[in-house]
Amino acid sequence: MTVAIHHEDFDPWALLREAEQAIPAEARGAASVFVGRMRDFNEDDAVTGLFLEHYPGMTEQELERIVEAARARWPLLGVHVAHRVGEVSPGDALVLVATWSAHRGAARDACSEILERLKHEAPFWKRERLADGSSRWVERNTPA
Amino acid sequence: MTVAIHHEDFDPWALLREAEQAIPAEARGAASVFVGRMRDFNEDDAVTGLFLEHYPGMTEQELERIVEAARARWPLLGVHVAHRVGEVSPGDALVLVATWSAHRGAARDACSEILERLKHEAPFWKRERLADGSSRWVERNTPA
Amino acid sequence: MAVKVLYFARLREELGREGDQPELPGDEVTVAGLWEYLHGEPPPPRLMSAVNQHRAGLDAPVRDGDEVAFFPPVTGG
Amino acid sequence: MAVKVLYFARLREELGREGDQPELPGDEVTVAGLWEYLHGEPPPPRLMSAVNQHRAGLDAPVRDGDEVAFFPPVTGG
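Residue numbers (the working numbering), protein chains in the order written: chain G, 1 to 144; chain V, 1 to 144; chain Y, 1 to 77; chain A, 1 to 77.
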């Protein structure tokens, strides 16, 4: 069960292969994964970059609390949550949520719940840089 | 949009990294992934191996039909479906479903729908080998 | 009419062969009729079938040159 | 009582600083009272807050040595 804040671009698929090693091969069953990357558009303006701010200490605690709540609700064999902070370029990975369970329904539902709670509760803030050189704080999260 | 039948063990994370290359970096947005691996137990008997049979030709067509139905229903930027056939060992990947969309809800719902339809409609049959040397055909699919 | 018949999974093992290549009288038969012609009894419960690699019910028509598959319920993924 | 105050995101930029280190009279204040002490007006709408890195409402108590954070609604993921 790992929560990680990344200050540089990370490779989600390499992280997943590594995270899976921590689960006994014969117990892996079902893995459900979400990977969110920075898009180059938002609300119709061209977004050329993103700055992601977090609250060191509290952010990690909130993510761990969200993961613990999911573990209490579903029979999970493994969870990996990774979130990028700092200056982000289009195409970079922003967030990774992965859950392993013996059952596909549990893996899928836990992954979805962790992602939604992360988006609505975890202390991260986005500032977008636009093509015209200006920047703006994102005021609300994207709907699912 | 790719559907692939694998006759040997495949690395789902390496496949995913490769499949993602086909999607323009700035358009990747949200990826939802399911990976199912062979477990070493089923209905309380120790399963030591699995033989997965398919119907060459029809199986690929059914998978493509399922993918096309999902593409018609959700705005998908990419889909990758991989399924193992032949002699399988515990821990081997059996199935991979990955969907890319601009929106996380679309990616998640399409991934879930493709997986459920694959499990209930695609022509694959499992025969389990048990610890006592006997084997048995799996008679029905696992509930979600 | 000549038809290519395929069996899969438990059915293939129980019948001891991967398929049949029957020559039938007439120019059309149903999937169920083909099974009965081959095996001398009606199709067993839960038998699935496909004609030319598309799912087909037991009352679907089969014609000369068709590929007909019989198989148990699928258990993939 | 001495309190460590942190600001994040748009709030940090608008205030032009990452935090404050006020010394307040008394030995307890609410989160809202701390904001008003620092900024001379009630908390703005949609202001979020945390005490000692746990989410806390505007009426939560703040005591000597606490770390209080103010921030806009979160937009991660």
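No lab work stands behind these hints: they were computed from the structure. Where hints are given, some of them may not hold.
[As the list claims (entries may be wrong)] A few chain V residues that face chain G, going by a derived Cβ cut-off under 10 Å, partial list only:
no., residue
1, MET1
2, ALA4
3, ILE5
4, PHE10
5, ALA30
6, GLY36
7, ARG73
8, ALA93
9, ALA102
10, ARG104
11, SER112
12, GLU116
13, ARG117
Keep in mind it's a predicted model, so treat the numbers as computed, not measured. Think of the CB as a built atom: it goes at the ideal place given N, C-alpha and C, for glycine as much as any other residue.
Results of checking the hints against the structure:
| no. | hint | verdict |
| --- | --- | --- |
| 1 | MET1 | 18 Å, violated |
| 2 | ALA4 | 17 Å, violated |
| 3 | ILE5 | 20 Å, violated |
| 4 | PHE10 | 12 Å, violated |
| 5 | ALA30 | 5 Å, holds |
| 6 | GLY36 | 5 Å, holds |
| 7 | ARG73 | 16 Å, violated |
| 8 | ALA93 | 9 Å, holds |
| 9 | ALA102 | 6 Å, holds |
| 10 | ARG104 | 6 Å, holds |
| 11 | SER112 | 6 Å, holds |
| 12 | GLU116 | 9 Å, holds |
| 13 | ARG117 | 13 Å, violated |
The structure fails to meet hints 1, 2, 3, 4, 7, 13 from the earlier list, while all remaining hints are met.
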